[in-house]
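Enquirer: For reference, the chains in residue letters:
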Amino acid sequence: MDSVNLQDLERTLPRDVRQRAQDRVEIRRAREASGILGRLRILLLLLGPGILVMIADNDAGGVITYAQTGASYHLGFFIPFLVLMIPVAFVVQEMTVRLGAVTRRGHAEMIFMRYGRFWGTFSALDLVIANALTLITEFIGIGAGLSAFGVPLPAGVLAGLALVLLVTLIGRYRLWERISLWIALLNLVFVPLALYAHPNWALVARSFGSWHVAGGVDGTFLMLLLANLGTTIAPWMLFFQQSAVVDKGLTPKEMRFGRIDTMVGGIVMGIVALAIVILAATVMHGVPGSTGLEIQNILQAVGRRIGPAAQSLFALGLVEAGLIAAMAITASTSWAAGEALGLRVRSLNAKPKEALSFYLPGVIAATVAAFVVLIPGAPLGYLNILVQVLATVFMPAALLFLLLLVNDREVMGSYVNSKLQNVAAIGIVGFLIVMNGAFGASILFPHLIR
Amino acid sequence: MARAIAPDEILRIVDEEDLLQEPPVYGRVAVRGPIALVWWGLRIYVLLMAVLVAVGFAHGLH
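Residue numbers (this note's numbering), protein chains in the order written: chain A, 90 to 539; chain B, 542 to 603.
The set of hints was computed from the structure by calculation and includes no laboratory data.
Backbone N, C-alpha and C define an ideal beta-carbon position, used for all residues, glycine too.
Among these hints, one or two may not hold up.
Which residues of chain B face chain A? A few of them, derived with a C-beta cut under 10 Å, are [stated by the list, open to error]:
{"no.": "1", "residue": "Arg-544"}
{"no.": "2", "residue": "Val-587"}
{"no.": "3", "residue": "Val-594"}
Okay, the calculated beta carbon distance ranges per label pair [unchecked claim]:
{"no.": "4", "chain 1": "B", "residue 1": "Ile-576", "chain 2": "A", "residue 2": "Met-524", "range": "20 to 28 Å"}
{"no.": "5", "chain 1": "A", "residue 1": "Pro-397", "chain 2": "B", "residue 2": "Ala-577", "range": "53 to 61 Å"}
{"no.": "6", "chain 1": "B", "residue 1": "Arg-584", "chain 2": "A", "residue 2": "Arg-117", "range": "40 to 48 Å"}
{"no.": "7", "chain 1": "B", "residue 1": "Ala-577", "chain 2": "A", "residue 2": "Phe-520", "range": "42 to 50 Å"}
{"no.": "8", "chain 1": "B", "residue 1": "Arg-573", "chain 2": "A", "residue 2": "Ser-123", "range": "47 to 55 Å"}
{"no.": "9", "chain 1": "B", "residue 1": "Ile-585", "chain 2": "A", "residue 2": "Gln-96", "range": "55 to 63 Å"}
{"no.": "10", "chain 1": "A", "residue 1": "Val-512", "chain 2": "B", "residue 2": "Ile-585", "range": "41 to 49 Å"}
{"no.": "11", "chain 1": "A", "residue 1": "Val-512", "chain 2": "B", "residue 2": "Ile-576", "range": "45 to 53 Å"}
{"no.": "12", "chain 1": "B", "residue 1": "Ala-577", "chain 2": "A", "residue 2": "His-301", "range": "37 to 45 Å"}
{"no.": "13", "chain 1": "B", "residue 1": "Leu-589", "chain 2": "A", "residue 2": "Ile-349", "range": "21 to 29 Å"}
{"no.": "14", "chain 1": "A", "residue 1": "Phe-238", "chain 2": "B", "residue 2": "Glu-557", "range": "22 to 30 Å"}
{"no.": "15", "chain 1": "B", "residue 1": "Ala-599", "chain 2": "A", "residue 2": "Gly-526", "range": "17 to 25 Å"}
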């Protein structure tokens with residue numbers, strides 16, 4: 090066939106297929122290149138969903154939760170606890186990599202296909218509620234962060250919304266992913282900030298031995314424990330990573346790279362989370378009024394203790410945290426709705442005008458969330474922590490279907506969960522339920538838990 | 542600089558990796574027995590916890 094005919098034939102391919110094919114050609118070329126450079130190139134091409142999901146997990150609500158944790162509980166229990174959260178997040182997210190690579194279908198789609206509309210609708214509803222609430226917290230973070238640079242709240246929130254929509258509607262998964270990864274790099278800004286605060290490293294090291302809870306276990310401790318759990322593993326993350334793995338075109342042969350991607354993301358997530366807790370513990374613990382939930386209090390405390398440049402950097406990190414998570418959750422909402430509705434085209438490789446019904450749910454969710462933040466007098470500080478806690482409430486139900494799917498030999502073949510993976514995952518579900526129960530008991534019977 | 546991707550490379554990979562092929566279809570399985578019980582238990586748990594968390598926050602547990 091001559092080259093003109095080949096070009097004509099290539100142009101007849103659906104846009105999303107053509108784009109994915111281009112990505113796959115690059116991966117194949119990297120695979121054919123020998124040596125360490127070839128392997129590094131494959132890794133760089135395949136990195137993405139894991140790092141993005143984990144860094145987006147350190148979202149605006151997460152930053153505030155970690156800061157609150159450090160300010161309230163200093164350098165004790167939460168330091169080793171957050172280190173422990175790295176393998177927890179990996180165990181959960183790795184299952185979605187396997188499921189996506191083997192089935193080439195998103196999480197919502199698999200639940201609908203395997204268990205039917207009734208169960209699928211419940212799962213999708215949980216996700217929509219959790220995503221809508223989480224998106225609100227991202228725009229709170231973006232607005233508050235930009236306000237530190239003198240941008241009025243409405244202008245900051247609307248600018249954030251415009252950027253999120255612009256990147257989402259770019260019509261090319263790879264470009265969306267690369268832009269997101271560059272923005273995600275800013276998440277690391279909290280690490281030099283923590284180092285610059287000159288924390289007491291001896292106390293940090295001792296916390297691994299003592300797991301000391303400053304002030305004892307009470308309702309606030311349980312709430313922050315749940316909020317830290319909720320900011321580490323959340324339902325949107327399951328749906329996001331599986332859909333991203335599918336949209337990226339990861340195959341079972343490349344699962345190893347998907348695991349590395351997820352592990353690297355988990356480690357970065359843990360380091361940044363620890364940096365924020367250590368920073369807040371160093372500059373805010375014991376300062377009157379610093380344990381309030383308002384972001385402005387946190388920003389001011391950082392500014393007072395380490396200077397205005399540090400305050401600006403923290404604010405920049407907050408904007409990044411909100412932006413990256415808003416972009417991920419907007420995409421996750423579109424993917425999940427597209428899968429639940431059975432749309433043929435449900436890819437970020439599709440042009441918006443050709444896949445309006447795919448993009449619309451994400452666009453609507455992000456827009457509504459941004460406008461909620463602009464409602465005068467909305468209790469934004471409470472909402473941040475509330476959303477993290479609610480994520481842990483929804484998580485066991487979401488994990489149940491994930492566990493059923495990754496243990497389904499008809500679906501997964503030899504890629505089913507090992508016994509150890511099941512023990513770890515069931516342990517996580519059990520821990521979530523027990524901690525939620527303890528928090529519930531502390532509300533019903535406040536005299537039992539101080 | 543990266544080598545341009547020729548149309549024949551695209552068409553070859555589409556063919557070799559079945560990119561035009563729909564992903565595998567999985568049949569329905571019933572959610573019943575202990576799994577249905579666990580699932581309904583989790584629904585009730587979600588409802589109860591959502592109410593408790595709302596009550597906790599309304600009463601200023603923060």
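Enquirer: Hint by hint, say whether it matches the structure.
Expert: Each hint tested on the structure:
At about 8 Å, the closest approach between the beta carbon of B/Arg-544 and any beta carbon in chain A falls short of 10 Å, and the interface hint on this residue holds. Taken as an interface hint, B/Val-587 checks out: its beta carbon lies about 6 Å from the nearest beta carbon of chain A, inside 10 Å. With a least beta-carbon distance of about 5 Å to chain A, the hint placing B/Val-594 at the interface is held under the 10 Å criterion. The hinted range of 20 to 28 Å is satisfied by B/Ile-576 and A/Met-524, whose Cβ atoms lie roughly 23 Å apart.
Look at A/Pro-397 against B/Ala-577: about 58 Å separates their beta carbons, and that is inside 53 to 61 Å. Separated by about 46 Å at the C-beta atoms, B/Arg-584 and A/Arg-117 satisfy the suggested range of 40 to 48 Å. Remark: the range hint 42 to 50 Å for B/Ala-577 to A/Phe-520 is contradicted by a beta-carbon distance near 23 Å. Taking the beta carbon of each, B/Arg-573 and A/Ser-123 are about 53 Å apart, inside 47 to 55 Å as hinted.
Separated by about 59 Å at the C-beta atoms, B/Ile-585 and A/Gln-96 satisfy the suggested range of 55 to 63 Å. Hint check: A/Val-512 to B/Ile-585, Cβ distance near 25 Å, so the stated range 41 to 49 Å is violated. The given range of 45 to 53 Å is broken by A/Val-512 and B/Ile-576, whose C-beta atoms sit roughly 18 Å from each other. For B/Ala-577 paired with A/His-301, a C-beta distance near 43 Å keeps the hint of 37 to 45 Å intact.
Distance hint check: the CB atoms of B/Leu-589 and A/Ile-349 are about 40 Å apart, inconsistent with the given range 21 to 29 Å. The hint said 22 to 30 Å for the Cβ distance between A/Phe-238 and B/Glu-557, and at roughly 51 Å that hint is violated. Take B/Ala-599 and A/Gly-526: their Cβ atoms lie about 20 Å apart, and the range 17 to 25 Å holds.
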